[in-house]
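Student: Sequence:
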Amino acid sequence: MHRHAVKAALLAQAILCTANAAATETGASPHAGVPPPRAEARLIVTPAAGTDIAALRAELDRAGAQQNIRFDTLRQLATGGWLVEVRDADGARATPDAAEMTRVVRELARRPALAAVEPDRMLTHAFTPNDEFYPQQPAYFRANFGTNTAGAWHYSTGTGVNVAVIDSGITPHTDLAGNVLGGYDFISDSDSARDGDGRDADPNDEGDWHAAGECANAPDLDKNSSWHGTFVAGAIAARTSNGKGVAGMAHGAKIVPVRALGRCGGALSDIAEAIVWASGGSVAGVPANANPAKVINLSISGPGSCSATLQDAIDTAVGNGAVVVAAAGNAGVDVANYTPANCDDVVAVAAMVASGNFPLLSNYGEKIDVTAPATLIATMNSGPTTQTTETYSSRSGTSTAAAQVSALAAMILAQGAYSPLQVENLMKYNGTLVLDCIFDEVNSCGWGVIDALHTLRAVSVGYDGNAVATPLPSLFTRPTFFENTANYYIPPGAGRSSPTTVWGQYGKSASAATIVKFKLGVRGTGTINPREFRIRLQSASSAAFKTLHDHGPAFAFTQTVDVSSGPADGLWYLHVDNGGDANNIYVDSWSLTFPSGGGPL
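Going by our numbering, the residue at position 376 of the sequence shown is 376; the numbering climbs one at a time, nothing skipped.
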């Protein structure tokens with residue numbers, strides 16, 4: 001089937017359109033003294049319209065008999081679904097593995113008496129990183145044309161997966177400390193490498209600056225060092241919730257820095273061998289890679305066709321089980337004329353701006369697989385030529401987009417042993433379709449913008465991406481409760497905002513009424529005047545504050561406010577102004593509770 005025809009079918013059937021599930025209370029074990037089963041051994045089944053409990057029970061009995069297991073109904077939930085426990089045929093507690101539960105869910109989902117089936121999972125509280133620049137990374141918490149990563153962090157952060165960044169090398173940065181493994185410098189020309197010895201085991205970025213006339217590919221330009229590899233590494237796996245800097249999208253993953261770009265760029269021969277080595281392949285004269293990568297990021301682009309050498313290297317990497325992600329390039333032309341994104345078996349990535357428009361800078365075309373946000377803030381060095389101090393910078397382009405796709409690939413692989421093709425398909429089939437470009441042969445953005453939440457939710461129920469036209473076996477209810485329990489100090493005579501990330505709403509709140517709970521804490525001794533404090537609620541999508549308590553008693557309260565004017569997904573802030581001189585005031589915690597009437601997505 002032609003790719004655009006497949007995409008039309010996906011759109012028409014609303015295939016693979018899921019949302020994250022709220023954490024569900026599992027309840028007490030019905031057997032005293034026996035530990036409760038794993039959450040994965042319980043399911044939430046929602047009867048189809050007109051199916052009463054007797055009919056549901058009969059359907060579960062028939063399904064259980066066919067699979068030689070038993071389904072015990074524990075209780076009906078307030079949402080209308082039933083909590084069901086999987087047991088062995090003799091009634092003993094079952095301990096199914098992930099594959100067995102996937103089979104059980106799929107078998108139940110085929111039955112017309114059931115409208116929805118989903119695992120009962122244990123989730124943690126809503127995660128809002130405390131990194132300084134997290135509020136400036138809106139792609140993470142934006143559902144439309146963002147990566148929608150905030151909810152996906154409940155399922156995976158890429159832990160246990162190595163991502164090779166074949167780039168300009170890496171600079172020391174405290175926001176990458178602990179997330180960087182040993183890599184290699186593959187630049188064979190000492191003049192390009194600037195380290196005096198060509199290839200070696202030190203991937204330190206020596207700077208890729210050059211003066212006008214030094215490089216044939218940029219003869220009339222002076223160019224400062226880009227520190228490009230450091231930026232890409234931070235976009236993928238910067239340390240997160242460490243109180244500084246940025247949040248890495250796959251912050252549980254590890255970076256393997258592979259230096260292949262120096263002064264004037266990188267030689268095709270060096271890049272090809274770097275790809276082979278990064279995946280665990282053998283390169284003559286180079287020690288074996290102690291940290292083989294399952295994801296290889298190529299934020300590299302140049303005009304021309306895919307060479308046989310480069311294709312052979314990519315084939316080797318894919319054969320070794322590595323997902324190869326390539327930036328489309330920033331020339332605003334058909335990607336068919338830019339490599340390595342035009343090679344076979346790579347995930348070719350275009351860039352898209354926040355409004356959903358296809359930017360002029362991004363290459364496009366039929367060979368694009370997926371799209372990701374064009375702009376991100378990440379780790380950098382402030383030296384114009386040689387390294388000086390660490391810093392952060394915002395950049396735009398397909399390199400940034402590719403880094404986010406590599407991060408999502410790592411998040412998928414942390415959840416299971418998927419093939420490179422399965423990882424690619426999971427990202428394609430669970431993205432956000434963009435009608436302005438997916439059917440346009442000139443400005444194609446592939447299968448649309450990646451959606452980490454949808455993708456990881458699909459992975460969580462065992463969808464492997466092998467079948468295009470098979471819907472996911474369940475629908476998922478919206479999460480309703482979001483909380484920030486971190487302490488935020490409110491200095492005297494000043495104010496401060498505490499953020500909470502809302503995700504999985506996909507649009508406005510189901511109702512205008514939202515509950516805000518707030519607790520003001522006092523550290524140490526002393527008295528304070530509660531009438532000196534002003535408390536306001538603000539959404540990141542709106543500059544307007546909603547006043548909750550204005551110079552009134554506000555140490556603990558519950559209040560209903562109208563938040564229906566803007567998107568629900570994104571950052572929400574509780575802002576507290578301390579109008580007095582008390583220096584021992586903190587925001588202990590606050591939460592948003594959305595109505596549950598929105599139902600499944």
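Each hint should be verified, as a subset may be incorrect.
Unchecked claim - Subject to a maximum C-alpha distance of 27 Å in a straight line, what follows is the list of computed DSS-like cross-link-like pairs (lysine-lysine):
| # | residue 1 | residue 2 |
| --- | --- | --- |
| 1 | Lys519 | Lys546 |
| 2 | Lys244 | Lys519 |
| 3 | Lys546 | Lys517 |
What the hints assert, rightly or not - So the derived label-pair ranges between C-beta atoms look like this:
| # | residue 1 | residue 2 | range |
| --- | --- | --- | --- |
| 4 | Pro595 | Ser541 | 12 to 22 Å |
| 5 | Gly332 | Asp222 | 15 to 25 Å |
| 6 | Thr385 | Pro491 | 38 to 48 Å |
| 7 | Ser393 | Gly566 | 53 to 63 Å |
| 8 | Gly182 | Thr385 | 22 to 32 Å |
| 9 | Ala216 | Gly285 | 21 to 31 Å |
| 10 | Asp189 | Pro491 | 26 to 36 Å |
| 11 | Asp344 | Asp189 | 27 to 37 Å |
| 12 | Pro595 | Ser355 | 41 to 51 Å |
| 13 | Gln66 | Asp436 | 27 to 37 Å |
| 14 | Val561 | Gly507 | 51 to 61 Å |
| 15 | Gln67 | Ser393 | 50 to 60 Å |
| 16 | Gly182 | Ala89 | 15 to 25 Å |
| 17 | Asp202 | Thr385 | 12 to 22 Å |
The set of hints was computed from the structure by calculation and includes no laboratory data.
Beta carbons are placed, not taken as given, at the ideal position from N, Cα and C, and that holds for glycine.
Student: Hint by hint, say whether it matches the structure.
Tutor: Hints versus structure:
{"no.": "1", "hint": "Lys519 <-> Lys546", "result": "holds (17 Å)"}
{"no.": "2", "hint": "Lys244 <-> Lys519", "result": "holds (25 Å)"}
{"no.": "3", "hint": "Lys546 <-> Lys517", "result": "holds (14 Å)"}
{"no.": "4", "hint": "Pro595 <-> Ser541: 12 to 22 Å", "result": "holds (19 Å)"}
{"no.": "5", "hint": "Gly332 <-> Asp222: 15 to 25 Å", "result": "holds (23 Å)"}
{"no.": "6", "hint": "Thr385 <-> Pro491: 38 to 48 Å", "result": "holds (40 Å)"}
{"no.": "7", "hint": "Ser393 <-> Gly566: 53 to 63 Å", "result": "violated (29 Å)"}
{"no.": "8", "hint": "Gly182 <-> Thr385: 22 to 32 Å", "result": "holds (26 Å)"}
{"no.": "9", "hint": "Ala216 <-> Gly285: 21 to 31 Å", "result": "holds (27 Å)"}
{"no.": "10", "hint": "Asp189 <-> Pro491: 26 to 36 Å", "result": "violated (55 Å)"}
{"no.": "11", "hint": "Asp344 <-> Asp189: 27 to 37 Å", "result": "holds (28 Å)"}
{"no.": "12", "hint": "Pro595 <-> Ser355: 41 to 51 Å", "result": "violated (29 Å)"}
{"no.": "13", "hint": "Gln66 <-> Asp436: 27 to 37 Å", "result": "violated (46 Å)"}
{"no.": "14", "hint": "Val561 <-> Gly507: 51 to 61 Å", "result": "violated (18 Å)"}
{"no.": "15", "hint": "Gln67 <-> Ser393: 50 to 60 Å", "result": "holds (55 Å)"}
{"no.": "16", "hint": "Gly182 <-> Ala89: 15 to 25 Å", "result": "violated (51 Å)"}
{"no.": "17", "hint": "Asp202 <-> Thr385: 12 to 22 Å", "result": "holds (19 Å)"}
Violation of the numbered hints given earlier is confined to hints 7, 10, 12, 13, 14 and 16; the remaining hints are satisfied by the structure.
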